[in-house]
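With the hints as extra help, turn the sequences into a complete structure.
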Amino acid sequence: MRRFRIWRRRHAHDPLVCRAFVELVTDYLEGALPQEERVRFEAHLAECDGCTGYLEDMRRLIGSLQEAPEPPPDPATREALLRAFRELRDA
Amino acid sequence: MEDESALLERLRSGDESAFEALVALHDGALHRVARTFVRTDAAADDVVQETWLGVVRGLQAFEGRSSLRTWIFKILVNTARTRATRDARSLPFSALESDTRPAVEPAAFGVDGRWSSAPARLDADPESGLLSRELREHLLDAVERLSPDQQAVITLRDLVGLPAPEVCELLDVSDANQRVLLHRARARVRIALLPLVEVTE
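Residue numbers (my numbering), protein chains in the order written: chain A, 1 to 91; chain B, 1 to 201.
No lab work stands behind these hints: they were computed from the structure.
One or more hints might be untrue.
So the derived list for chain A, only partly shown, Cβ under 7 Å to chain B, looks like this [said to hold, decoys possible]:
(1) SER64
(2) LEU88
(3) ARG89
By construction, the Cβ of each residue, glycine as well, lies at the ideal position given by its N, Cα and C atoms.
Below is the structure:
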């Protein structure tokens, strides 16, 4: 662990490569990257078309999940729930 | 979607169509999250059914201190935990994500860690700014093939739209672990869509 921390400190200013970039995408979108890493992330983004496209795809994917329609419950379940709803309402 | 307080008013006044819409909106997501806690689809069906009855019974007393959807999912998790304990078949939410595969296949990168060729792009729908209709049709299939833990997190975060702190509380996971699960889940869904992408020369 200590060795890793030293390694990390020594490499903190190295430019990010694409393989590392893709693993930081969620932390970036969640606003969870420390300032220094966010700067490296955005610097890489500015110079890499592949990663720009990857990030754009992930944003579209997340937006599409939010819009994804759920399959409706089966009719028997729906009817049973509506019956319960009516019974409580009219009780 | 309509304003939540308006929806709540309609539900409380006994508007059936409002309740039907609420069920249609969340039933699928409730099932996926229930399956994280219990082992069979039948048990998950029971848990979801009981959750909806709890919602109906609790509507009048619901104070709106959390959002309606958060409240519904809290009822679900409590119901599912009780059921899992009773069956002595609880599926512990893994303390650590066991899926350690990278977000992108290692073969996509050269020895220098850069893309060896431009990464495949997911087809987009220019009008909505979302993925193409065809890809969107396969999204839920891809979600359903994830591990239960990944499914629960991506369902609550991206499909239901709950904020991260509420998901951590519901599933009893740390902030960091929640993010790892979300990251793996989204990456796995992207990978599942890649074979459907049109190859353009």
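Hints, verified against the model:
Because the smallest distance between the Cβ of SER64(A) and any Cβ of chain B comes to about 4 Å, under 7 Å, the interface hint for this residue holds. Nearest Cβ of chain B to the Cβ of LEU88(A): about 5 Å, under the 7 Å cut. The hint holds. The restraint placing ARG89(A) at the interface with chain B holds, with a minimum CB-CB distance near 4 Å, inside the 7 Å limit.
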